[in-house]
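If you're matching them up, the sequences are chains A and B in order. Its first residue numbered 70, the first sequence is counted upward by one per residue in the working numbering. Its first residue numbered 70, the second sequence is counted upward by one per residue in the working numbering.
What the hints contain is simulated information worked out from the structure, not anything from laboratory work. Mixed in with the good hints, there may be bad ones.
Same chains, same names: a pair is fine if it fits in one copy or spans any two.
In silico lysine-lysine, DSS-like type, Cα no more than 25 Å apart, as pairs [stated by the list, open to error]: (1) 145 / 399; (2) 399 / 329; (3) 332 / 214; (4) 261 / 154; (5) 271 / 306; (6) 355 / 131; (7) 306 / 359; (8) 75 / 245; (9) 75 / 306; (10) 165 / 209; (11) 321 / 332; (12) 214 / 261; (13) 75 / 114; (14) 154 / 208; (15) 332 / 261; (16) 214 / 355.
Below, each chain spelled out in residue letters.
Protein chains: 2
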Amino acid sequence: MSELRKDPIIGRWIIISDSRKLFGNGEISSVIRKENPKCPFCVGKEGMTPPEIVAYRDAKTKPNTPGWRVRVVPNKFAALRIEDKLSRQGEGMYDKMSGTGAHEVIIETTNHTDSLVDLPLEILSEVYFMYRERIMDLKKDERFKYILIFKNEGSLAGASLEHSHSQIIATPIVPKRVMEEMNGSLLYYNLKRRCIFCDLIKQDLDFPDRIIFETEHFISVEAFASRFPFETWIIPKVHSPLFEESSDTVLKDLALIMHKTLKTLNKVLKNPPYNYVLHSSPVNFKYNEKSYHWHIEIIPKIGKIAGFEWGTGFYINPTYPESAAKYLVKAINET
Amino acid sequence: MSELRKDPIIGRWIIISDSRKLFGNGEISSVIRKENPKCPFCVGKEGMTPPEIVAYRDAKTKPNTPGWRVRVVPNKFAALRIEDKLSRQGEGMYDKMSGTGAHEVIIETTNHTDSLVDLPLEILSEVYFMYRERIMDLKKDERFKYILIFKNEGSLAGASLEHSHSQIIATPIVPKRVMEEMNGSLLYYNLKRRCIFCDLIKQDLDFPDRIIFETEHFISVEAFASRFPFETWIIPKVHSPLFEESSDTVLKDLALIMHKTLKTLNKVLKNPPYNYVLHSSPVNFKYNEKSYHWHIEIIPKIGKIAGFEWGTGFYINPTYPESAAKYLVKAINET
């Protein structure tokens, strides 16, 4: 049986069709890490990266030496460069801008073989403290309109280095998808005077057939109009437009629900490659802070993308999110 | 050096950053076909597919027997089903629809090992005649709002069967990306009273640094704000909102430019996997026929998608389209 479903925030329709195998083409390749003496992100190799921007490290240890727990360095192969002056140019009908921005790497652990779920919760919390700190710092630069934070886990998900890390890209534009979410949620707010995310959370908790975990401050949930099997969103329960305004308590709870959620996805999908992306309000930008609500979208990389999705923005998902949720909840109950 | 570029039709910004290797992570896997006695699309295996919908075949040969050149059958694993009654439902705040639609396969050749460039131009023309014929037939069903035609070449591009084929999906919704193009081009038309595609073609022909081929009726061009290396568009030179209104002459010329373009991409990229998607106006739908312009977008599957693109609609392309064009034009001149 198949069904069309509409993303309530941006209005994108997707097809859910489970006439094929549960996980699409059924190919899941587990992420496996092997010690690599040439890895520039390992402790003791600090000289192999550009000089660090900031690190959480033990008292009395010096920058670019061991003693750190979470460390931020410029991306050696930066897609955007902070030195470039922001300039706008036309070429007849075409518009372009200089490649001004920042591109940084957050190294999440000293240990090459750790994945995010192997980190003690105190370290994982520090990873999220670091996201917050870097956003606060980068938004001081008024050229930037968005601070994009994402993680690629596994080479199939685009990671070019195996050692666990996240990336930050500060850009002079707001990414299209985030802009659509801003516009969609503003439309809803103007109609209802309520945040659409807050309303969705309420309904999802009342009919919890897609809920995976609920903690004090968060839910993790299979999205109603998931584009991909096991697409999982982590959303703060209390309205909050800006990730970077989260307290230590909230970020520690984020570490907790992220740990639990990834661990469960790992159990059911056997350590799949995945991407997650932080969606938060643009910076240096006027918006209605009552209408937008930050969240993290996790997309495991299983099955194949048929390809036409790139050309159409139209997706076929072989797995009902309610079925995915059942698998995940069953795995939790078996633990 | 890197640069931000804006798609003039839908307004999406992308980053072009050639600080990395030319083709991204540089991995191109060539599509290779091997004879497969179990292939249901080969001539003589007509009984292995659902009964054919239509075929171009030699006089006096019967349906579902050899003698065909291009053959259309229902997709055995259809994502949408034509029998399902179209119904709309709410689930609290969520919207859904029955999975009503059509999902067909166009088998482009009798011969298992042929790729599209191996086909004689008369057969390739018949493939495009068949696209036209199926659209004309499917649009009679007023439940359908869009007839999506696309091709996945190679398993890395999502093809589950090796034998060369295209797919047709008729849906009760207009895919998001097409809707964005309709809206973007209407906005331009309302400002200028001209089609944005026609204006872009004119500028591209005046400054042809991204043009690959020009035939009597078409150009093939590396898109200004390409999301992917070697993203190539084929656009009719004369304004035309609907693919299915193309004459035989125009479609024969489409076969010619597609053959030349794919052959050149194959030469430079060594038979890469690719997807192409036909963008044409929605059906049974009010639109301004002066503002939209059909075209085909070809996306070779080379390098890796970093992953955050799914979450953001924001792309980093490691290859300038002008550089891609130089490689392609050089290859043409060497022939």
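Structure-based check of each hint:
1. For a Cα distance limit of 25 Å, the shortest separation of residue 145 from residue 399 qualifies neither inside one copy, at 43 Å, nor across copies, at 32 Å.
2. Within a single copy, residue 399 and residue 329 get their C-alpha atoms as close as 14 Å, which meets the 25 Å cut-off; across copies the closest is 54 Å, which misses it.
3. Taking the shortest Cα distances, residue 332 and residue 214 never come within 25 Å of each other, neither inside one copy (34 Å) nor across copies (42 Å).
4. Proximity of residue 261 to residue 154 under the C-alpha cut-off of 25 Å is found in neither arrangement, the shortest distances being 42 Å within a copy and 32 Å between copies.
5. For the homomeric pair residue 271 and residue 306, the shortest alpha-carbon distance inside one copy (9 Å) is at most 25 Å, but the shortest distance between copies (52 Å) is not.
6. Taking the shortest alpha-carbon separations for residue 355 and residue 131, neither the intra-copy value of 40 Å nor the inter-copy value of 66 Å comes in at or below 25 Å.
7. In this assembly of identical chains, the alpha carbons of residue 306 and residue 359 lie at most 25 Å apart only when taken from the same copy (14 Å versus 47 Å across copies).
8. With identical chains, the CA atoms of residue 75 and residue 245 are at most 25 Å apart both within one copy (18 Å) and between copies (11 Å).
9. When the C-alpha separation of residue 75 and residue 306 is checked against a cutoff of 25 Å, the pair qualifies only within one copy, where the shortest distance is 22 Å, while the shortest distance between copies is 36 Å.
10. Taking CA atoms no more than 25 Å apart as the test, residue 165 paired with residue 209 passes inside one copy only; the shortest distance there is 24 Å, against 43 Å between copies.
11. With identical chains, the CA atoms of residue 321 and residue 332 are at most 25 Å apart within one copy only, with a shortest distance of 16 Å there and 55 Å across copies.
12. When the C-alpha separation of residue 214 and residue 261 is checked against a cutoff of 25 Å, the pair qualifies neither within a copy, at 28 Å, nor between copies, at 30 Å.
13. For a Cα distance limit of 25 Å, the shortest separation of residue 75 from residue 114 qualifies neither inside one copy, at 48 Å, nor across copies, at 39 Å.
14. With identical chains, the CA atoms of residue 154 and residue 208 are at most 25 Å apart within one copy only, with a shortest distance of 16 Å there and 51 Å across copies.
15. Taking the shortest Cα distances, residue 332 and residue 261 never come within 25 Å of each other, neither inside one copy (37 Å) nor across copies (55 Å).
16. Proximity of residue 214 and residue 355 under a CA criterion of 25 Å is satisfied intra-copy only: 10 Å inside one chain copy versus 36 Å between copies.
Taken one by one, the earlier hints fail for this structure at numbers 1, 3, 4, 6, 12, 13, 15, listed in ascending order.
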